[in-house]
Structures are given as C-alpha cells and as structure tokens.
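J.: With chain A fixed as given, assemble chain B onto it according to the hints.
Number of protein chains: 2
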Amino acid sequence: MKIKPIGYARSRIKKHRYGGFGKTTTEIILNKKYEKALKGLRDYSHVIVLYWMNEAEGIVRLEHRPQGNLKVPVVGIFATRCQWRPNCIGISAVPLISVNKNVLKVKGLDIIDKTPILDIKPYLPDYDKPAGKVKLPGWTKRLIYK
Amino acid sequence: MKIKPIGYARSRIKKHRYGGFGKTTTEIILNKKYEKALKGLRDYSHVIVLYWMNEAEGIVRLEHRPQGNLKVPVVGIFATRCQWRPNCIGISAVPLISVNKNVLKVKGLDIIDKTPILDIKPYLPDYDKPAGKVKLPGWTKRLIYK
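Read top to bottom, the protein sequences are chains A and B.
Be aware that the first sequence starts at 22, since it is given in this note's numbering, and climbs by one per residue.
Be aware that the second sequence starts at 22, since it is given in this note's numbering, and climbs by one per residue.
Hints were generated in silico from the structure; no laboratory data involved.
You may find that some hints are simply not true.
All copies of an identical chain are treated as equivalent in the list; a pair is satisfied when it fits inside any one copy or across any two copies.
Think about it this way: if two alpha-carbon atoms lie no more than 35 Å apart in a straight line, the pair counts; the simulated DSBU-like pairs of lysine-lysine are [said to hold, decoys possible]:
no., residue 1, residue 2
1, Lys57, Lys25
2, Lys60, Lys122
3, Lys156, Lys57
4, Lys167, Lys60
This is chain A alone, in the form it adopts within the complex (with noise of 0.2 Å):
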C-alpha cells in the first residue's frame, strides 16, 4: 500500500528531542492542492496530525525500551509510541491555532521541521476519547512527554 506526503512541518526544532515541544508552535505547509480540503477545520478547536517518522524508516525494533531510559522496561514496540514500528506513522491530538489558506499553526506538537504530514482529522471525542477509565503501566510515568 502506498501512502505519500499531503505536505510537511515548518518548525525552529531542527533536531529529534524528548520533550520540549508543549510551547511550541508548528506550521504545517499543505501541498496547495489540498486547500478546499481545509474548509471548515477552523471551526475544531483540536486536531490530530499523522505524520511520518522519517529518521526511522525501514528500521523495526519488536522488542524496545522507551527513551533508552534504565528505568523503564524492554517491552513489545506496539506498547510503546517509539518510532521503529513496521509502518513509522505517528499521531498527535493537539491545539489548533490557526488555518491560513494552505497552513496551519498547531501548538505542542511533538514533531521537528521538515516531517512529512500524513493526514490532518479533526479531534472527535466520539472516536477519540476511550471509553472508562483510563489505566497505564507505572513505567510511563518515567517518560518525557511533548
């Protein structure tokens, strides 16, 4: 199955990181064919964004300890959201700021200049915020986060 770029990140953090991201601001530059496609997302206070994680492409781990941190444990990569998994797309739901013809502003969003973008979806509580409450292994709490 093929999938290619609908455009790419514009952002001052040039290199891969943990953390650091919560302030920041991103543009995402659509391919300008895709800027009737974007009628209405103005109106969505969140979106998630699905992007290609580039650095990782071709290279799957199936074992994976988080962040290379001693503290938390090797576990399976689909229990994980690190980059090495068989399809290297990533997802973030994060605020939106503003819709300008063909670019978006998002805040917080935990990607560097120049990903590829995959897809942008509006954020719909109905598909996703779970259902019940939610629980996480203890090990996550040692993580860094956007």
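T.: Then chain B, alone, in the frame of chain A:
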C-alpha cells in the same frame, strides 16, 4: 512511502455502515511475527488502532458532505473523519479487552471484517488527550458515531 498491514480485523460486521459498533467485539489478528511486539500491551486499558480504509483506496474527495447527511454542510475532507482522504488511514481509540498470543480483542472499534491493520499504539493521555477545552462545529452532533 510504503506501508504494509501488520494484520487484519475479524468481526461479525461484514459491510460498511454508520454506527452500531459500540458493543461489538473485534479481534485483531496480527501476523505471528509480531507476537512479541505486543509484550506489555495488556498493562494499558486502551489502545489506538490505525487501519487502512481499503474501500476508499485511490478515491479522494477534497470536499464532502459527511455521511451524505443533508442536515450537515459540505466541508473539506480534513474537517471530517470520512474515508476519501489522500491517505485513507483511519484511527480509533478503544478499550482493550485482551491480548492472547498474536490476537487482540477490542470493544467498539468501527471497522468491518478483514480491514487491514497498520499499527497498534497504547493510548497515552500525554499525546492523545488534548490540552484545553474541546470545541466542535454544531453539525457534528447530527452524525452517527460508533
């Protein structure tokens, strides 16, 4: 960029429809080589499933009226969760019921039998629960969800 299924869905629901998935249990049958990539996943209560909406492969509608519902406006495809997107990848956050070898059971996943699965991610509020108050356009209340 190329992606490949990591498995497929097994469900009693064979045909596309809007809604009626809420109480459905879906099995996700992963390729056996990914069994160990599931290590530790059962410690999470919820997962996000990424899947390939294969009925829409190759069909892109830049603007679309969600669910063909005449009570909702025509909007850009990125302002909807409809399948006719440039990359027909779907995502849903759902409760994880069980993990047994290479088979996951989840509840309320809105996909049909044999849908190709692209990725399984643990639901992590730091990435998936958006900061701030969620706002949606009023017409989204007229749609049918899971």
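J.: If you check each hint against the structure, which ones fail?
T.: No numbers; nothing is violated.
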